[in-house]
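Student: My request is simple: use the sequences and hints to build the entire structure.
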Amino acid sequence: MSELQSIEKMISIKIDGVEYQAKEGEYILNAARANNIFIPAICYLTRCSPTLACRICLVEADGKQVYSCNSKVKEGMEITIDTPNILQERRAIMEVYDVNHPLQCGVCDKSGACELQNYTLELKVDSQSYAIPDTTREVKNWSSVLHYDPGLCIVCERCATVCKDIVGDAAIDTAKRGGAELDKNYKETMPKDAYAMWNKLQKSVIAPTNGTEFTNCSDCGECIAVCPVGALTSRDFVYKSNAWELKRIPAVSAHSSDGFQIYYEVKHTSIADREEKIYRVTNEWNYVSLDGAARFAYDFENRGVSKNKTAFDATIEAFQKAKTIRFNSVITNEEALMLQTLKEKKGIKLYNLEVRAFQKFLRYYQNASGRSLYTTDNDEIMKQSDFVIAVGVSLRNDAPGMKYAFNNVQKLNKGAGLYFHTIEDTLVSGFGKSVESFVHKVGLEEAVFYLILDLFADKTKLPQALKSYIDSFKTSQTKIIQEKVDKTIKEMVKDEKTGEEKEVTKKVKETIEKQITVERNGLLELLGGDSEKFAESFKKMVNKKEHFSMMVGEDLYYHPKAENIAKLIALIEATTSIDVVMNPPKANALGVALICDLDDEASGYTIGYNELGDFRLSALGDGDLDMPAMNQQEGTFTTLSKRVVPTNAALSYDGYELGDIVKVLIDAPSQTIEWTAMLPEEKGYRAVEFDSLPNEYFNDGSENRGYLLDETSMEVALPEVSQIDMSSVLEGEIVYRCNPARQFSDFTDKSHEIFEPFGLYASEAKVATLGEKVEVVFGEKSIVLDVIVDHKMKGEIMKLSDFKYAQNVYELFAESRYKNVTIKKV
Amino acid sequence: MSLEQFKNRQTGTQNYILLDLEHAPKTSMEQFKRVIKRGVSLELFVGLGVTFKAMVKALFAKEMHTTKYPFEKLPISPRYRAIHDMLRLLESGNYRCIGCGLCEKICISNCISMDTRYDENQRKEVSEYTINFGRCIFCGYCAEVCPELAIVHGGRYETASEQRASYSLFEDMLTPIDKLSLQQEYDGFGAISPNADENIKKTPLAY
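Just so you know, the protein sequences line up as chains A and B, in that order.
Each residue of the first sequence is one higher than the one before, counting from 1 in the numbering used here.
Each residue of the second sequence is one higher than the one before, counting from 827 in the numbering used here.
Bear in mind the hints are in silico, worked out from the structure with no lab data behind them.
Think of the CB as a built atom: it goes at the ideal place given N, C-alpha and C, for glycine as much as any other residue.
Heads up, a few of these hints could be off.
Unchecked claim - Sample of chain B residues lacking proximity to chain A, with all beta carbon distances greater than 12 Å (derived):
| # | residue |
| --- | --- |
| 1 | L870 |
| 2 | T877 |
| 3 | D945 |
Unchecked claim - Per label pair, the in silico range of CB-to-CB distance:
| # | chain 1 | residue 1 | chain 2 | residue 2 | range |
| --- | --- | --- | --- | --- | --- |
| 4 | A | E681 | B | I934 | 42 to 52 Å |
| 5 | A | D622 | B | S953 | 25 to 35 Å |
| 6 | A | K781 | B | E954 | 45 to 55 Å |
| 7 | B | R905 | A | H268 | 55 to 65 Å |
| 8 | B | D945 | A | S12 | 54 to 64 Å |
| 9 | A | H268 | B | D945 | 13 to 23 Å |
As the list claims (entries may be wrong) - From the structure, some residues in chain B lie toward chain A, with a derived Cβ separation under 8 Å:
| # | residue |
| --- | --- |
| 10 | G873 |
| 11 | N936 |
| 12 | S939 |
| 13 | R943 |
| 14 | Q948 |
| 15 | P1030 |
Tutor: Dropping the structure here:
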């Protein structure tokens, strides 16, 4: 919990004779960056482990030459950035990087934003002293989005590092290149580090880890973002535009609830068409990592819209008679507030299937814990957590930010993790050696929380009844095991020559039977674990761990016993040192949950905003009145990190906005952003004008975007929880409402760089039994779907996409996320 | 920015050379004297003599000084900056432009625009290229920045046309393929200096 968070100790160091403050245990490079001091470095990525590929970050610390990216600051350390020897090394390293680097800056996409260009100039490399025969390296397309030109690659390994340490896919790594051997003379004549760097560089190239020509990854494109040169680019962007032509517009990703900061990069469409278009999305890759939807789903704008007065009048008429507004979570806080105001003043019901369950869950949690919001967030987890538990969230599909944090904890914080889910995910279990995956039956989530209480809770704080309930699962069993024991036998041996008797000791292996007591934990076994093995591995997992955190997700919001689960979470927070983060289902779900007062039922004449309805407002261009898409409007989002962040309009929009409609209906401000300061303060929002919201990251990596929601907490009694309800367990043919990674809504689907189809995703084995197309029957309703293989899942449960509003999948599933269905072959 | 340069008000320190000219007449008597002196010295006929000599040369010695524009044009300096030419590679006939976009970037009147794409041969192809000559101020920056000597200023200084579009397309500026042998190397703005070789630092080769 927050009070347990250690306050970072500051120490003082001297860089080039000037005294600075630095966090204890921080790398020299990061400490320098936090103090706005420049140390050249190519291969280092903040939030990733140092690779030592470039060796250019050499500095002198207390008289010794060290790599600033992997040596930590010490109290009173004196650091010199440039010494004659280091300058010589750096210059040699840059010369080596320039050896055989194709002189095609003129056409390279990275030109102008290229770190190789920048450092060559920075270190004033104006001549070349080294040479080696070049190797032919073919340009490759690794996936539907990744384009790799190994000729340009400087093998800094940043792509491989980010893929392993943050994204978790570990889809690419260095491979053998088969280049010429370095000239022997260089070893004596060259600076030492430059030679070592070159020796490695000359042998390597980057390649997919699965041994094929193609990556089998989530196509997030983070490798593209971190590439310092033009070696890795998006296939769509190759040779389309120079970096300097593009105007960068800071915004927020409109798809997952992480609210990643992104920059839309815009330029005119072509010579003939001067209307601006988004060419790509970039990010501050040192501080935020995007998922595939944030990076590649950007061209979902509603183009060519003008003010259609007749349609507008019809809209006003529709609103006058409307009883319900149906909408989803792809909406700004301001728009949500407009709808809420309509509800208050006009009595229109608000119907939102994506958010309703989450809102209820959040309220249950608020009542049980006395807190207004959950206690941690993904960035916090990445920074300090070393033990992370995920329950009821399909990390790979629902929550890219959580997936990154879960993985990063394993890789960087020497952490451990427990992953509880109904579907086995081969990727998550491979995040680290200390990750234990539990594949449990659908509906057993309550048991998971009881197990967590058992494993982590301070038993003195638990009520007696609860303690005995947990203990009732425990049984001891005596078991006879066979063990080999060394036994020492003394023997009298007669020496044949002398006839003397001597005592000789001998060691003999003997198998004995031993009776031991085995503690069996029924909870663990209920969840598919093995008591004996787990007890041992768990001991190793928690060893020396300090900061525990838990991620919970959408499965729980739709659980039949959601209220009890929310109470269990509150109980866990109260009795253990575990901090909790919840994954709001999509986009601005947290904002909608806080601002809107949603209804359970829709009735009467319904207006659908990007959803089904009798009268449709749509940013997809298929409704009765056009609306601006998220990249065409400004406003704020409430992110998973409990932060209110501003987003700007990347593209122009000439039609009507929601604000225009609301203005006619009720007394309201004329501009959408005037609503920003009116967001409800009792929910934690602040009366801050939109234009005064900052949107940046500082050099030390701290986030200065918008503001954090004000949180409140009250002292409440421990919640009373009920026992595990075995009746919610589902058996048989089960489908799970879950989108493929990169797909969140119709907006991601509309984007031309997102290719994941709508369908029924299943494991390889399951697909073999299903065939190509099936009809999934939900009681009376049914849906015909293509069957698609998800290579990273196992088991019998199938994932059914929900990102197309027209398919109305939410209504098929009603109030659950898992459904028993009948599958018919088509 | 330092304002020092504006604070120096010592304007009389330049190296002026005083010419030894006769003084202008001050009184009306002096003016009268000068008129008489110039009038009777018959300087008028000196000038007429020059014209007469030129006429005789033109009529009988075929030494004509008049250019019959527009049928004849004077050669212009390679440094003259007229309508742009797009040059081709002499060996292959391909156009030299690689689509780097530097001319587009440097253009101070923002009149150059290009579209590029990834072509079938994995190369950058310039799919569209235009210069808006209604805006171009013929500053020569584009020719100077071009790393390939692809865009240069040509000698077409007659910029009158029924339509601006007559000039602004890539194809109009490109050397016609059948006249490739007549393509002249450019000596003007941004061309390689005669001593370029001396300025290059050699890169070692391992072949």
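Student: The structure should be examined with respect to each hint, and the outcome stated for every one.
Tutor: Evaluation of the provided hints:
1. L870: The claim holds: L870(B) sits with its nearest Cβ about 62 Å from chain A, beyond 12 Å.
2. T877: Label holds. Min Cβ-Cβ 55 Å, cutoff 12 Å.
3. D945: D945(B) is in fact no farther than 12 Å from some Cβ atom of chain A, at 8 Å.
4. E681(A) with I934(B): 42 to 52 Å: Between E681(A) and I934(B), where Cβ atoms are some 51 Å apart, the hint holds.
5. D622(A) with S953(B): 25 to 35 Å: The hint (25 to 35 Å, Cβ to Cβ) holds, given that D622(A) and S953(B) are roughly 32 Å apart.
6. K781(A) with E954(B): 45 to 55 Å: 51 Å, holds
7. R905(B) with H268(A): 55 to 65 Å: 34 Å, violated
8. D945(B) with S12(A): 54 to 64 Å: About 57 Å separates the Cβ atoms of D945(B) and S12(A), which means 54 to 64 Å holds.
9. H268(A) with D945(B): 13 to 23 Å: Holds - the Cβ-Cβ distance for H268(A) and D945(B), about 21 Å, lies within 13 to 23 Å.
10. G873: With Cβ-Cβ at 58 Å, over 8 Å, it is violated.
11. N936: 12 Å, violated
12. S939: Holds. Min distance 5 Å.
13. R943: 6 Å, holds
14. Q948: It holds, given that the least Cβ distance between Q948(B) and chain A is near 6 Å, below 8 Å.
15. P1030: 4 Å, holds
The structure shown violates the earlier hints numbered 3, 7, 10 and 11.
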